[in-house]
Amino acid sequence: MTNSISEIRDARVIFVIGSNTTEQHPMIGMHMLEAKDRGATLIVADPRRTQIAQFSHLHLRHKSGTDVALLNAIMNVIITEWLVDLSFIRQRTELIGYDLPPGEEYVDLSFIRQRTENFDDFEKRILPYTPEVAERITSVPAEDIRKAARLYASEKRSMLFYAMGITQHITGVDNVRACANLVMLTAHIGQPMTGLNPLRGQNNVQGACDMGALPDVYSGYQKVADPAARRKFELAWSRPLPDKPGITLTEMVDAILSGKIRAMYIMGENPLIADPDMTHVKKAFAKLDFLAVQDIFPTDTTEYAHVILPASSFAEKYGTFTNTERRVQKIRRAVPPPGEAKPDYEIICNLSKLMGYPMEYREAHEIMEEISILTPAYGGILHHRLNANYGLQWPCPNIDHPGTTYLHQKKFSRGMGVFIPVEFIPPSEPTDSEYPFILTTGRSYFHYHTGTMCRRTAALEREDPECLVEINPVDAGRLGLRSNERVRIRTRRGSIEVKAFVTDTVPEGIIFIPFHFREAAVNLLTINAVDPNAKIPEFKVCAAAVEPLKRKAGVIQESRGVISTA
Amino acid sequence: MIESNRITTYILHNKNHLSFWLRRLKTSHQIIAPVRDISGDIVLTGIRHMHEIALDGPALMPSPKEFLLPQMEQLFHYSDDGVEETFNKQPRIIFGIRSCDLSAIRILDIFYLENNKDAYYESRRTNTVMISIACNQPDPTCFCFGLSTGPFLRSGFDLQLTDLGNRFIVEAGTETGMALVREFLHIFTDPRPEDIEDLNEVRLASQSRFEKRVNLEQVHRGILAGEVSDTFWDSVAARCFECGGCVYNCPVCTCFNVIDQHFSPDSGKRIRIWDACMFKGFTRMAGDVVPAAKKIQRTKRWFHHKLVHWPTQFGTFGCVGCGRCAISCPGRIDMASVALRTKGTEHSEEKW
Chain A
278 MTNSISEIRD ARVIFVIGSN TTEQHPMIGM HMLEAKDRGA TLIVADPRRT
328 QIAQFSHLHL RHKSGTDVAL LNAIMNVIIT EWLVDLSFIR QRTELIGYDL
378 PPGEEYVDLS FIRQRTENFD DFEKRILPYT PEVAERITSV PAEDIRKAAR
428 LYASEKRSML FYAMGITQHI TGVDNVRACA NLVMLTAHIG QPMTGLNPLR
478 GQNNVQGACD MGALPDVYSG YQKVADPAAR RKFELAWSRP LPDKPGITLT
528 EMVDAILSGK IRAMYIMGEN PLIADPDMTH VKKAFAKLDF LAVQDIFPTD
578 TTEYAHVILP ASSFAEKYGT FTNTERRVQK IRRAVPPPGE AKPDYEIICN
628 LSKLMGYPME YREAHEIMEE ISILTPAYGG ILHHRLNANY GLQWPCPNID
678 HPGTTYLHQK KFSRGMGVFI PVEFIPPSEP TDSEYPFILT TGRSYFHYHT
728 GTMCRRTAAL EREDPECLVE INPVDAGRLG LRSNERVRIR TRRGSIEVKA
778 FVTDTVPEGI IFIPFHFREA AVNLLTINAV DPNAKIPEFK VCAAAVEPLK
828 RKAGVIQESR GVISTA
Chain B
5 MIESNRITTY ILHNKNHLSF WLRRLKTSHQ IIAPVRDISG DIVLTGIRHM
55 HEIALDGPAL MPSPKEFLLP QMEQLFHYSD DGVEETFNKQ PRIIFGIRSC
105 DLSAIRILDI FYLENNKDAY YESRRTNTVM ISIACNQPDP TCFCFGLSTG
155 PFLRSGFDLQ LTDLGNRFIV EAGTETGMAL VREFLHIFTD PRPEDIEDLN
205 EVRLASQSRF EKRVNLEQVH RGILAGEVSD TFWDSVAARC FECGGCVYNC
255 PVCTCFNVID QHFSPDSGKR IRIWDACMFK GFTRMAGDVV PAAKKIQRTK
305 RWFHHKLVHW PTQFGTFGCV GCGRCAISCP GRIDMASVAL RTKGTEHSEE
355 KW
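Chains as they are written, first to last, in this note's numbering: chain A, 278 to 843; chain B, 5 to 356.
Read the hints as simulated data drawn from the structure, not as lab findings.
Any given hint could turn out to be false.
Claimed, not checked - Partial pick of chain A residues on the chain B-facing surface, computed with a CB cut under 7 Å: (1) 303; (2) 735; (3) 737; (4) 739; (5) 740.
The beta-carbon is built from N, C-alpha and C at its ideal position, and this holds for glycine as well.
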């Protein structure tokens, strides 16, 4: 997030796209609800009518995979209706509250001129995306697109939120670029109660990315390919380092099959259930010469492991987590790890020593020290500074710095922000007569991801014991399907049997299946198509067929789901 | 605990003597008191040293009921040799709880000890003495005053302390409470008229500091008169996050689930864990029928249970005004907020 969670309640417009906020980020959903109670306008863009969509003033139910068309059309309205200038007029009377440098008159237009590049080319490329064109692509009424644009642009304190709903597409990066274009166009960035705010999906994925658990960067997003950065780390770690980026998770699976990768070391991830096209993944993992898995419980991935390294959970170790608002917070050991389980850093250090590179850290805070030396944004973050006030938000470059609540106040990371125009590209697998439904996957409320922890918890299992497919009443009626009846969902990759849940949460033509249930693993069905830049799989769209399974009288139903391949 | 109608009042003149008193009591009881942990939160936990006690914090989360009805409690262990029940008989003193929480425990006593006695609860309860502290400064979320469950009680306590600044007033309401004082009469003195004057002044001041004035009696009557519509409850339910926070933190909520954990085919244990009627699965039956599938059924029922069913069945509201639901609810549909809206003091329209 460029801004902070505490600013949400004071926002005047909250625009949420691709996030089921109250169910997946309940505390942030709570703040959004509070903002709405205090008079803020809530706009939600999501094909599904989620709880946050029910609270919204305006719900844009665009077709899965049409986010670029929707966002471009919104920007089209903002440009053609001169909302860019309109908001400056209101802005002038509210100048006092926003700490703008003196002499700044036309914030929006001057924002674009002073802080961004490539606006003219961008403007040209936006003009074809009229609301009417977008209505044909997204099925959102043109008037609603205009409403959304006017609401978002004409208030100064507008915050934009997004999550996996727009990133898990082959156009995931384009979708985010469109959001970036939108916040720059309206100057809703670099001020409190504004910003581009992705809601990260794990408690420490932000931290993991910050530490460079990505193939092309060291910690702090310093690039592997940058010689100066590489030299710094080579000096610190006394070893030559590769000068080319590595490969991403989705590329690794293909690399196993092509023989390029023969061994893997996996920490805290369950690709067998979480990766798309499970048949493809199973084939790959069966081919590995060696697999080591570090996890807290046995999983479908540990089934393929030659060595399992027992790790410790969040309550069993010291360290920090960095959350979606860049806040670094300490965690402390509350209970000892069971048996031979160890904190992850201990396991890694023990392995490293055996491999000939001794790493000695007596305690977790010494690791933080090294992070602060090598990572400018974490420069002032040390464990003893995290005891009070719920930690620190990076960038925190030195020991006296109080942390940063919102980013890009004076300039962007690259200096000038650049408008990168994006074109609408349809999802990789269109529906057709054989596979007429869009299958979209995601999370349900009580479970988390592959269920390694939550499906071992009695209360959560009771709430959500089995996989259900959400299907719209009109579609269900056409198929003669009722809730609780079993149904086979089939795609070109495979098929699963699940129970139907007839609801108008999903629109006609779209079905939704959560990915938590290994006995009805929806990733047997999903497609291994990825975004060309980020390589993130298109979990949100593929083409599926729905076949009700009629029970024969006198036949005992098989329990739970039956997994089979196409 | 034998309740006596006579309250015996003492003065603890030197606040330092509190440490001495508790340290001596610790030789025969586990002392559970509010402690500030490393992240600044105040939790109720067994103390090792008296200086750990922190009495200046807000409502403790979760409530003290966790010592009488633990969140997870082993009921018995079974094996080829038979069934072995687990009763916790550890003598304990819970020090520094508030009047609302004490009132809540007295309500739990009605549920768990009258009619169908719960042996596990009874075993913990009979070995627990409570030294409560009257509130001089209610939190913004508190509304015990309208319910006669606080900020101080006139009876029903083992020992009730009131902080008069430089000294404590100590009132003993039961024989059990008296016993804790009797051994140490050298540190307690008789109250003087000015002590009682100061006590009354502190009490009046505390009563005047409540930010919320909630009249549950009025809501109760309104519900019975059919004045609270389903449209209203629907708008309340829409804001429910189904997190269970209200139930888990409520000191009066009593529901639990029972599950068996097997160690081997022949042995295992039966435990009970807190449960919440706010969850859909709470009423799930065989064949996957869920009577309370709609959120409104569960939300409405929780309020009705505390405001109508409890008074009808047990003669008291199922709420003590502790404000914990307000502290934990992400949708802000806690008891006080809902009660105030049914009265129409906040908004005149029916929906939220």
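How the hints compare with the structure:
1. 303: holds (5 Å)
2. 735: This interface hint holds because 5 Å falls under the 7 Å limit.
3. 737: violated (9 Å)
4. 739: Check passed: Cβ of residue 739(A) comes within 4 Å of chain B, closer than 7 Å.
5. 740: Since the shortest Cβ distance to chain B is 4 Å, the answer is holds.
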